[in-house]
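Colleague: This is what each chain is made of:
2 protein chains.
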Amino acid sequence: MKLEVLKLARAAKEAAAKLALIETKRKNAVLKDMAAQILRHSDAIISANQKDLNAAKAKGFSKALLDRLRLDEKRIKAMADSLREIAALKDPVGAIISTTKRPNGLLIKKVRVPIGVIFIIYESRPNVTSDCVGLCLKSGNAVILRGGSESINSNIAIYSALNKSLSKFGLPSAAVTLVKKTDRKIMQGLLGQKDHIDLVMPRGGESLIKFVSERSRIPVIKHYKGVCHTYVDEKADLKMAEDICFNAKVQRPGVCNAMETLLVHKAVAKKFLLSMIRKFKIAGVEIRGCKKTRAIVPSIKAATEQDWYAEYLDLILSVKVVGNLNEAVEHIRKYGSQHSDAIVTSDRKRGLEFLNRVDAACVYLNTSTRFTDGGQFGMGAEMGISTEKLHARGPVGLEELTTYKYEIFGNGQVRK
Amino acid sequence: MKLEVLKLARAAKEAAAKLALIETKRKNAVLKDMAAQILRHSDAIISANQKDLNAAKAKGFSKALLDRLRLDEKRIKAMADSLREIAALKDPVGAIISTTKRPNGLLIKKVRVPIGVIFIIYESRPNVTSDCVGLCLKSGNAVILRGGSESINSNIAIYSALNKSLSKFGLPSAAVTLVKKTDRKIMQGLLGQKDHIDLVMPRGGESLIKFVSERSRIPVIKHYKGVCHTYVDEKADLKMAEDICFNAKVQRPGVCNAMETLLVHKAVAKKFLLSMIRKFKIAGVEIRGCKKTRAIVPSIKAATEQDWYAEYLDLILSVKVVGNLNEAVEHIRKYGSQHSDAIVTSDRKRGLEFLNRVDAACVYLNTSTRFTDGGQFGMGAEMGISTEKLHARGPVGLEELTTYKYEIFGNGQVRK
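If you read the protein sequences in the order shown, they are chains V and Z. Residue 140 in my numbering is what sits at position 140 of the first sequence, and the numbering runs on without skipping anything. Residue 1382 in my numbering is what sits at position 382 of the second sequence, and the numbering runs on without skipping anything.
A hint or two may mislead.
Claimed, not checked - Below, computed lysine-lysine pairings styled on PhoX-like, alpha-carbon distance capped at 25 Å:
hint, chain 1, residue 1, chain 2, residue 2
1, Z, Lys1110, V, Lys109
2, V, Lys77, V, Lys168
3, Z, Lys1416, V, Lys334
4, V, Lys18, Z, Lys1349
5, V, Lys334, Z, Lys1018
6, V, Lys77, Z, Lys1018
7, V, Lys2, Z, Lys1334
8, V, Lys7, V, Lys270
To be verified - To spell it out: a stretch of chain Z is covered by chain V in this simulated footprint if at least three of its residues, at any positions, have a beta carbon under 8 Å from a beta carbon of chain V; those stretches are:
hint, segment
9, 1042-1050
10, 1102-1110
11, 1130-1137
12, 1164-1171
13, 1232-1243
14, 1298-1310
The set of hints was computed from the structure by calculation and includes no laboratory data. The beta carbon of each residue, even a glycine, is placed where N, CA and C say it ideally should be.
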């Protein structure tokens, strides 16, 4: 096993050195061909996916999970479209971040370069396979894919289609590696390959991410969870606040940037919550409130200490009345996940104070936390969302898949 | 012990939240006052340093180590000057990295913010204490300092002087914490405080850095060693090459950006090496050569496989004759440390190929690897040099001590 892992990681490293030097035009041609291959092999992909679906059904997967796993013509077309969109994005590699001319004549260029080998660990949705391959290829990185056992047949079919483009354009096949053995042994072995793998990105449930983070000897970019807050300030436009909160909770509750806790200033709590909670109840949202919230709407459940930490990923919302902006910020500091937090207020000074003080990847004034997304930010596709403080924070797009090197041009300068 | 560590880390985190919001003017005033305090307490610092020196002498420290440890009036003045220089540098906090206006009217600002709490582990030179405090304070970060036992009295004296400025300006005292117990237990405890410490930077020998990296649950920025190469190409100006190589090896051999291996194209090897090695020998440099080098200068020692991996940090140099640029690049890939590597050539195309292909933090054309340094790069002071690929690569200055957050300004936008 050890040798197998080492061989795989080494081959990826070798491929990365080649990928780093490939010109944009050729990368884009490969991406467009990959899109065509995906469409050409859609029957094979769908029938492989059917195997996964049958196995998942036999195991009693939930409807939501089966839906995540399912591929159909439409979703396969979306995968191809996404590859074409990545081809259309600007190539980050080679971009000059800064240029400095020193008094001694040295010219120092800070230049974007690929990171090297990226190891992606993910669950269920098989379209992640082609998205990640597209983003890594465009940013000049080799990628090692390790999807879940539940989607292995789909992933193999997608990988086989994409691989045809690599060989057609003479790229090393180790530019994209799919780990076909989905037990955790190979994964753990790869997490130790710090000389050959440069970055690990786990995507999935909190337990998978914990497992990866605790075992990796390689830097990990990740988010554990998104416990996102919206704070409705005393100076908020309450109609606007209602729309924003409704969107943040209801539009897609199962994702990391959905609101999990609503904080309301005591001065507007009664007026705001009576109408807001009514609207939430009609939409099927279960409310769990603090004492003061329950004094306003007695019919709701009491929130426990655990609720403030909870990422429900469901139509459930905890609600707390706070005395002032400071209390809101302190609540977020204690219970938040540094993902996405919003304030609704018409007082710009208070808004800026909140944005300044809340330590999260994305902080919002008068809008919905649901916007934390590479596409919504105008970055094109994304590999995921990071709540790390080092390297990449927030959506991880093409630029975040690069690092830099300093190129220094001299004409004989020596240090005195 | 566990509680002590937790309390210390928590207090630093609390202090960091306050430091992040302090305006530039006030930070600069504190830095200038710190410079004054250092000068005012120079007698106390020198007598504390004398204790460390006596203990070190009793333990039989080498002359070089004693010199690193020693503080005198001149060095103390340099510490104060460095704090004033940091005060004069641009504050990275609050700088807007980019602004995006989205079609739906959202304004997305990517803003520089402090990282939070930075844990620095270092050896010998006590001036690192004030440099790191200055850089962390200016970049809005709380800092936990853990120097070596050999300089503990000096570090305590410097810390006491700096601390007077914190209280004078009403900054939390936990903005700067000095770990006074220098056994490895407290250090190890702190390396597990991932909820309160954001970044670990070890500086020192390879064994210390390995110890820290293997135990840290917090992201680490570091370099293990600097095995820096200079490749003298067939198309090099040999006079220029001689000056550059001499500087890279001899000017200060004990530092990480000094050259450890010289690679020479076979077409110019004889002409270049006869003169170069003579010059090195006069300067007291011991040469260890490959077979082809020894065919040119038979009197030198043979290099072993271990020599190609070695960071001598001394007047020793390994020399290898290569067949072409590709062989030079492959040698660097196999034995290098991704720190700093140079090519000397008058053929710009070959120069660019080398810069492109060598995967290192700093790659040089026609100049000395000795320039890898924050000051030389115009970044002001530096916390160290990174060979990491994530977050900071090369010299780590003020900007590298920051991360970013996205501030998103809306007027009621919701996601569709």
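Colleague: Please go over all the hints and tell whether each is borne out by the structure.
Modeller: Hint-by-hint comparison with the structure:
{"no.": "1", "hint": "Lys1110/Z to Lys109/V", "verdict": "holds, 22 Å"}
{"no.": "2", "hint": "Lys77/V to Lys168/V", "verdict": "holds, 22 Å"}
{"no.": "3", "hint": "Lys1416/Z to Lys334/V", "verdict": "violated, 31 Å"}
{"no.": "4", "hint": "Lys18/V to Lys1349/Z", "verdict": "holds, 18 Å"}
{"no.": "5", "hint": "Lys334/V to Lys1018/Z", "verdict": "holds, 15 Å"}
{"no.": "6", "hint": "Lys77/V to Lys1018/Z", "verdict": "violated, 50 Å"}
{"no.": "7", "hint": "Lys2/V to Lys1334/Z", "verdict": "holds, 21 Å"}
{"no.": "8", "hint": "Lys7/V to Lys270/V", "verdict": "violated, 64 Å"}
{"no.": "9", "hint": "1042-1050", "verdict": "violated (count 0)"}
{"no.": "10", "hint": "1102-1110", "verdict": "holds (count 3)"}
{"no.": "11", "hint": "1130-1137", "verdict": "violated (count 0)"}
{"no.": "12", "hint": "1164-1171", "verdict": "violated (count 0)"}
{"no.": "13", "hint": "1232-1243", "verdict": "holds (count 3)"}
{"no.": "14", "hint": "1298-1310", "verdict": "violated (count 0)"}
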